[in-house]
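Undergrad: Order-wise, the sequence lines are chains A and B. Be aware that the first sequence starts at 1, since it is given in this note's numbering, and climbs by one per residue. Be aware that the second sequence starts at 1, since it is given in this note's numbering, and climbs by one per residue.
Some hints could be false.
Straight-line C-alpha distance at most 25 Å; calculated SDA-like pairs for lysine to any residue [stated by the list, open to error]:
1. B:Lys325 with A:His67
2. A:Lys34 with B:Tyr261
3. B:Lys122 with A:Lys34
4. A:Lys34 with B:Ile218
5. B:Lys325 with A:Thr80
6. B:Lys41 with A:Tyr56
7. B:Lys263 with A:Thr59
8. B:Lys248 with B:Asp302
9. A:Lys34 with B:Ile274
10. A:Lys34 with A:Asn45
11. B:Lys114 with A:Thr80
12. B:Lys83 with A:Thr80
13. B:Lys347 with B:Phe397
14. A:Lys34 with B:Lys373
15. B:Lys373 with B:Asp335
16. B:Lys100 with B:Asp302
17. A:Lys34 with B:Ala242
18. A:Lys34 with B:Leu259
19. B:Lys325 with B:Glu38
20. B:Lys325 with A:Tyr56
21. B:Lys248 with B:Asp335
22. B:Lys263 with B:Leu223
Pairwise CB distance ranges, derived in the manner of DEER restraints [to be verified]:
23. B:Phe92 with A:Ser52: 45 to 53 Å
24. B:Glu95 with A:Glu77: 54 to 62 Å
25. B:Thr383 with A:Asp58: 55 to 63 Å
26. B:Glu195 with A:Thr59: 31 to 39 Å
Don't read these hints as lab results, they were simulated from the structure. Since the model is a prediction, treat every value here as computed from it, not as a measurement. Glycine is no exception: its CB is placed at the ideal position from the N, C-alpha and C atoms.
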Amino acid sequence: MASIMVACSSNKKPIATDTATEVAGSEVDFKIEKSGAQLWGEVCNRCHIAPSPADYNDTDWETISLHMRVRANLTEEEITKIETFLKSAN
Amino acid sequence: MGIDQLYQNLEKMKKLLMTLIILGLGSSALAQTYNTFEPSKTQFMLRGYGHTGFEYLDTGGEQESTFLGATFAPIFLYKHSDKLMFEAELEFELEGNELKTGLEYADVMYVLNKHMTVRAGKFLLPFGTFMERLHPAWINRLPSRPLGFGHDGIAPASDIGVELRGAFDLGGPKMNYAVYVTNGPRIKDGSEEPEEAGMLDFGYYEDVNLAKALGGRIGLLPLSDSSMEWGISAYTTNSTGAEDSDYKEVGAFLWALDLSYVKSITPLQGVVDIKAQYNSSNVDTATYYEIEDGISEPYSFDNQSSSFYTQLSYRPIMSGSDFIKQLEFVGRYSDFNAPEGAEWEEKSTQYAFGLNYWLSWRSVVKLSYQTTKMEGGHDSDGTTRTNGLFVHWAIGF
Numbered sequence: 001m002a003s004i005m006v007a008c009s010s011n012k013k014p015i016a017t018d019t020a021t022e023v024a025g026s027e028v029d030f031k032i033e034k035s036g037a038q039l040w041g042e043v044c045n046r047c048h049i050a051p052s053p054a055d056y057n058d059t060d061w062e063t064i065s066l067h068m069r070v071r072a073n074l075t076e077e078e079i080t081k082i083e084t085f086l087k088s089a090n
Numbered sequence: 001m002g003i004d005q006l007y008q009n010l011e012k013m014k015k016l017l018m019t020l021i022i023l024g025l026g027s028s029a030l031a032q033t034y035n036t037f038e039p040s041k042t043q044f045m046l047r048g049y050g051h052t053g054f055e056y057l058d059t060g061g062e063q064e065s066t067f068l069g070a071t072f073a074p075i076f077l078y079k080h081s082d083k084l085m086f087e088a089e090l091e092f093e094l095e096g097n098e099l100k101t102g103l104e105y106a107d108v109m110y111v112l113n114k115h116m117t118v119r120a121g122k123f124l125l126p127f128g129t130f131m132e133r134l135h136p137a138w139i140n141r142l143p144s145r146p147l148g149f150g151h152d153g154i155a156p157a158s159d160i161g162v163e164l165r166g167a168f169d170l171g172g173p174k175m176n177y178a179v180y181v182t183n184g185p186r187i188k189d190g191s192e193e194p195e196e197a198g199m200l201d202f203g204y205y206e207d208v209n210l211a212k213a214l215g216g217r218i219g220l221l222p223l224s225d226s227s228m229e230w231g232i233s234a235y236t237t238n239s240t241g242a243e244d245s246d247y248k249e250v251g252a253f254l255w256a257l258d259l260s261y262v263k264s265i266t267p268l269q270g271v272v273d274i275k276a277q278y279n280s281s282n283v284d285t286a287t288y289y290e291i292e293d294g295i296s297e298p299y300s301f302d303n304q305s306s307s308f309y310t311q312l313s314y315r316p317i318m319s320g321s322d323f324i325k326q327l328e329f330v331g332r333y334s335d336f337n338a339p340e341g342a343e344w345e346e347k348s349t350q351y352a353f354g355l356n357y358w359l360s361w362r363s364v365v366k367l368s369y370q371t372t373k374m375e376g377g378h379d380s381d382g383t384t385r386t387n388g389l390f391v392h393w394a395i396g397f
């Protein structure tokens, strides 16, 4: 029963790998990979206050992310990580 | 406890367990039903912003005050796929006794690969960063634009054409680029507005000649936390006049430098935001005509203009007070120099100071004081000082 209730409570993907700063594998041994949450704080604030993830649903964030990728000329890695974070934290 | 009572309690527990199972399965079934709802691959979304406010102006002792009619700027986003999107922004503004409408941009974009996106249509030009990224009322930290932007400004805001843009990660530092070809501006020859002869009109969207404008911007973010960005922009065309006019050979070259630095600084208990942009406009020298006593007199001038602004804002977001952390303090300096000898010759400097209160990340109440000293200009030959008090409320949605 408990497992049913937990399963029904949320179908969000775990965000542990997204919110924690981690060290990449052997290909980029000494490069610190930034999390989506970190990029959300750094990148969005360059122009406006970073948005609240809760303000839009996953589908909306996908549309907004594509719009902002082009408008602010962000790298694919930046916008992918930020979008993943926003969708996991809303 | 008797056997009967124990049996009754077991029956109650059994009913409770059955109820929970039914509720659980029901919830599960409901959740499964909900989860089978897949968002459509295409999506239409309405976003945008609006603002309203109050202004008090004192221009050389002549005072005026007015509540401002609301400005409404809806943004339409249509996501056709993960790579293809159409975007458009309309602008509705009450000006005088009329409703002024405008098409800020309307373009289709396609992501070619991770480093290249192509746009076509009317798009905001990456000439510096203010008009492309910072001018919306809920983003601009002050109620007004810096000198040199907007109506009669020298920095182009948007144009119709094709653009290629993208960004690269340089292993910590980042770089972004944009190159475009557009219809380009039209030079005002003075036949309609003699006092504006020699100005570039970026709002004339039907091309008047065969020449196109070429432009681009390169941005470099040298720090790994992307807190700083330097940008250099250029925009050029070898013809700004109509194909059959005397101004066909009048070309123009514009360039801009921009800087952005946004950093959360712990000793200052807040976020420091610095923005700056320098614009330069160089238009080929041409002969214009002014009517004096019914006689047409030719005149010419070195058609070079420039403008500059720098802005510093500070938000004490680490303050222990919920009220103080929503505040923002802003200061901005800007100047504008129009060509000496032109009918629109002008030297202006402006200082603006503001105190903002952020109701949310996209809604802000701005209180600001602004003082502008203008020598020359369209309407006077002398020096005019304008002091203004502004209260604006902007919201993004």
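Undergrad: Now, for every hint given, state plainly whether the structure supports it.
TA: Here is how each hint holds up against the structure:
1. Distance hint between Lys325 (chain B) and His67 (chain A) is unfulfilled; the C-alpha atoms sit about 29 Å from each other, more than 25 Å.
2. Of the pairs offered as hints, the one joining Lys34 (chain A) and Tyr261 (chain B) holds, with about 19 Å between alpha carbons and a cut-off of 25 Å not exceeded.
3. Pair hint Lys122 (chain B) plus Lys34 (chain A) does not hold up; C-alpha atoms about 35 Å apart against a cutoff of 25 Å.
4. Between the alpha carbons of Lys34 (chain A) and Ile218 (chain B) the distance comes to roughly 24 Å, so the proposed pair stays at or under 25 Å and holds.
5. With a CA separation close to 30 Å, the supplied pair Lys325 (chain B) and Thr80 (chain A) exceeds the 25 Å bound.
6. Pair hint Lys41 (chain B) plus Tyr56 (chain A) holds up; C-alpha atoms about 17 Å apart against a cutoff of 25 Å.
7. Restraint check for Lys263 (chain B) and Thr59 (chain A): the C-alpha separation of about 30 Å exceeds 25 Å, so the hint is violated.
8. Our distance criterion of 25 Å between C-alpha atoms is met by Lys248 (chain B) and Asp302 (chain B), whose separation comes to about 18 Å.
9. A hinted pair counts as satisfied when its Cα atoms are at most 25 Å apart, and Lys34 (chain A) with Ile274 (chain B) qualifies at roughly 24 Å.
10. Simply put, Lys34 (chain A) and Asn45 (chain A) have alpha-carbon atoms about 16 Å apart, close enough for the 25 Å limit, and the pair holds.
11. With a C-alpha separation of about 11 Å, the suggested pair Lys114 (chain B) and Thr80 (chain A) falls inside the 25 Å cut-off, and the hint holds.
12. The suggested pairing of Lys83 (chain B) with Thr80 (chain A) holds, with an alpha-carbon distance near 13 Å, which does not exceed 25 Å.
13. For a cut-off of 25 Å, the pair hint linking Lys347 (chain B) to Phe397 (chain B) is broken: about 38 Å separates their Cα positions.
14. A distance of roughly 47 Å separates the Cα atoms of Lys34 (chain A) and Lys373 (chain B); the hinted pair therefore is violated under the 25 Å criterion.
15. Restraint check for Lys373 (chain B) and Asp335 (chain B): satisfied, since their Cα atoms lie roughly 9 Å apart, inside the 25 Å limit.
16. Our distance criterion of 25 Å between C-alpha atoms is broken by Lys100 (chain B) and Asp302 (chain B), whose separation comes to about 34 Å.
17. A C-alpha spacing of about 52 Å is found between Lys34 (chain A) and Ala242 (chain B), which places the hinted pair above 25 Å, so the restraint is violated.
18. Simply put, Lys34 (chain A) and Leu259 (chain B) have alpha-carbon atoms about 24 Å apart, close enough for the 25 Å limit, and the pair holds.
19. For a cut-off of 25 Å, the pair hint linking Lys325 (chain B) to Glu38 (chain B) is broken: about 40 Å separates their Cα positions.
20. Pair hint Lys325 (chain B) plus Tyr56 (chain A) holds up; C-alpha atoms about 24 Å apart against a cutoff of 25 Å.
21. The straight-line distance between the Cα atoms of Lys248 (chain B) and Asp335 (chain B) is roughly 31 Å, outside the 25 Å bound, and the hint therefore fails.
22. Simply put, Lys263 (chain B) and Leu223 (chain B) have alpha-carbon atoms about 11 Å apart, close enough for the 25 Å limit, and the pair holds.
23. Judged by the Cβ atoms, the range 45 to 53 Å given for Phe92 (chain B) and Ser52 (chain A) is violated: they are separated by roughly 27 Å.
24. Between Glu95 (chain B) and Glu77 (chain A), the C-beta spacing of about 43 Å breaks the proposed range 54 to 62 Å.
25. Our hint of 55 to 63 Å for Thr383 (chain B) and Asp58 (chain A) holds, since their Cβ atoms are close to 57 Å apart.
26. Between Glu195 (chain B) and Thr59 (chain A) the beta carbon distance is about 52 Å. The supplied range of 31 to 39 Å is therefore violated.
Hint check: violations occur at hints 1, 3, 5, 7, 13, 14, 16, 17, 19, 21, 23, 24, 26; the rest are consistent with the structure.
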